[in-house]
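Given only the sequences and the hints, what does the whole structure look like? Please build it.
Residue-level listing of the chains:
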Amino acid sequence: MTQGKTLFDKIWGSHVVRSLGENLDLLHVDRLLIHDLSGSRALMDLKERGLSVRNPELCLSMPDHSVSSLPGRTLASSPDGVRLGNALRDMSAAAGIPHYGIDHPNQGIVHVVGPEIGFTLPGCLLVCGDSHTSTHGAMGALAWGIGSSELVHVLATQTIRQRRPGTMRITIDGDLGEGVEAKDVILHIIGHLGVAAGIGHAIEYAGSTIRGMSIEERLTICNLSIEFGARMGMVAPDETTYAYIKELPLAPKGEAWEAALAYWRGLPTDEDAVFDREVSFDAADMAPQITWGTSPGQTVAVNATIPAPDSFVEAELQGNAETALEYMGLTPGETIAGTKVDRVFIGSCTNSRLSDLRRAAAVAQGRQVAANVTAWVVPGSVQVKTEAEAEGLHEIFLAAGFEWREPGCSQCVATNGETVAPGERCISTSNRNFVGRQGPKARTHLAGPAMAVAAAIAGEITDVRELAPIELEGNT
Amino acid sequence: MEKLQQIQGVAAPLPRANIDTDIITPMKYLTSANSKDIHEHTFEPLRFLSDGRENPDFILNKPGYRDSVFLIAGRNFGCGSSRETAVWGIRGLGIRCVIAESFGDIFFNNCFQNSVLPIRLPAATVAELMAEASDDQGNMQFQLDVASRTLTTPSGRTITFDITPDRQTSLLEGLDDVGQTMKEDAATTAFQGKDRTERPWIYDLGTID
Ligand code: SF4
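These protein sequence lines are chains A and B, in that order. For the first sequence, the working numbering assigns the number 1 to the initial residue and increments by one for each residue that follows. For the second sequence, the working numbering assigns the number 1001 to the initial residue and increments by one for each residue that follows.
Just so you know, these hints were derived from the structure itself, not from any lab. Quick caveat: nothing in here was measured; it's all calculated off a predicted structure. Just so you know, even glycine gets a beta-carbon here, dropped at the ideal spot from N, CA and C. A hint or two may mislead.
Covered stretches of chain B, as calculated for chain A (at least 3 residues, CB under 8 angstroms) [stated by the list, open to error]:
id	region
1	1071-1077
2	1081-1094
3	1157-1168
4	1182-1189
Written out as structure tokens, the structure reads:
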């Protein structure tokens, strides 16, 4: 009897153009997403080398990293917006690549837009010059981030050379407690496994907790795969996936839909498939998380205390903790709740979708942002923004004292000039709390949207479960 | 791509884990970075003090280590983003070989596109190499020979490392992936022809205007 296959094996296998030996394959790229930061550069490199884009119809470009999120913004509202935005627009046009410019009704962060319009489909192989491309795996796709040389390779050949990674299944079972979000689940996992645990592996997230999640929650989970070293994170497609995709603009229609559906139903991991590594978690053990350090793995439950460096066994981790605590201006042994905050950023490809904004609004409703806090809501795409406004979410945020801004990466990476000032403490729903990520000397704490709003209201890190037990219900 | 065959020089020990791509290339240089001068900002948070002066404690600022061609780093080196500027910067500083217990996957791949060799070695070996590299004022010479897959330390110890044959050949001959794949484009055309009948929805994308 032949051994069963994993979701990963099946998608990988169906994309091999040629084997290059030694676990190295040349794979077909079904979808390439291009953004203003790495994309403009790669298109320029390609041109300088006298090469052309092989399959522009399988690509899609949009500005997100460098655009301003200022209400009423244009490309000129950010320092590099005009240069990078126009370069991407012009080079896309010259190559025949569909482009969603800053005024397009589908502009947004590549990892928000791809899934929401059906550009990302189950079983497809998608790459982008951005490490959080793992996000798209939530749709049952095989997706990962690539460097700029690889990007030139994909543009010129519509293929990628890739070494086959190992497989790892992370199974999460059980019901999540009140106030525990997808973001908390993945931070909890990274905190337990460590930031290097996924290196060399493609992750499949499985188990009843994942099955019970919406696509948007799964996108949040897969988004952070790279933060523990895994380039790819994925969830097998199921009825939730198909229902989500069915009416999307770029989804197959009519007979093509039926054919695609039949194909997709064959993708999930076979019962008898074997993974190189298996780990499992119990959803009941998970609490709302807040990071205390400068790596996403440096996370604790919001009701815990700030760890002492000597609580880590390995010398290296002790050293890292010491440096991180100093950078973050935190004292070991104190409760992390109660730490004063200056800024709150709700946005990024991790947590800027409609359901994130609904949960955030549910906590914000009828409350006020603390006087010492500047709080932003940056929707992930024009579509998210429009839908949120149709529901009146923006009014809830504005009434509570949040700024309601235009879509883009914004303060997640601050390449558009929207930095957190030196020494300021920011609760951010993004995915990286690295040193200087939100600006030189900025102190970033990662959390989910509900926790971020709770911090904005209280003016300090706060357990959202104590703040808003009632409003949290029924909003996913 | 430039060839990488044999090199000899000083190795800089950087015993810190999880050095991420934001430390290697701070985000404020991302929009303007180019491969020629990005190294001026590489490792900026470690390399310079807040007033802009060089940090005398950073290894690559120390006498004897300024011209290092090897970097021996803590585990999970280059974790984080896909920015290839991280490799360009390291290369621009003159580093051609990075040794660590483990690397960020994308960084690891990017190295090979830029004639930089990342070598994974067991933690204990990395620690021993760090000790040898730290021993002197930094004029201890390490040698790399890609063809024989060996690293020779100042004390004369020879360590064999793993590298896949295709990557070894690419480094030795300075081969570029794009040119190689383009020669075989017929395989891609054949794949797409067959795949189009099995998964037509991949190729017949709707449009949003
Ligand atoms: S939102 Fe942040 S993590 Fe996501 S693509 Fe933009 S910069 Fe990268």
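Per-stretch coverage check for the region 1157-1168 of chain B, three Cβ contacts closer than 8 angstroms to chain A: Check passed, 3 qualifying residues.
Residues of the region 1081-1094 of chain B with Cβ under 8 angstroms from chain A, three needed, outcome: Per the Cβ count (5), the hint holds.
Verdict on chain A covering the region 1182-1189 of chain B, where coverage means 3 or more residues with a C-beta closer than 8 angstroms: holds (count 5)
Outcome, coverage of the region 1071-1077 of chain B by chain A - at least 3 residues whose beta-carbon is closer than 8 angstroms to one in that chain: Holds, because 3 residues of the region 1071-1077 of chain B bring their Cβ atoms closer than 8 angstroms to Cβ atoms of chain A.
Hint violations for this structure: none, all hints satisfied.
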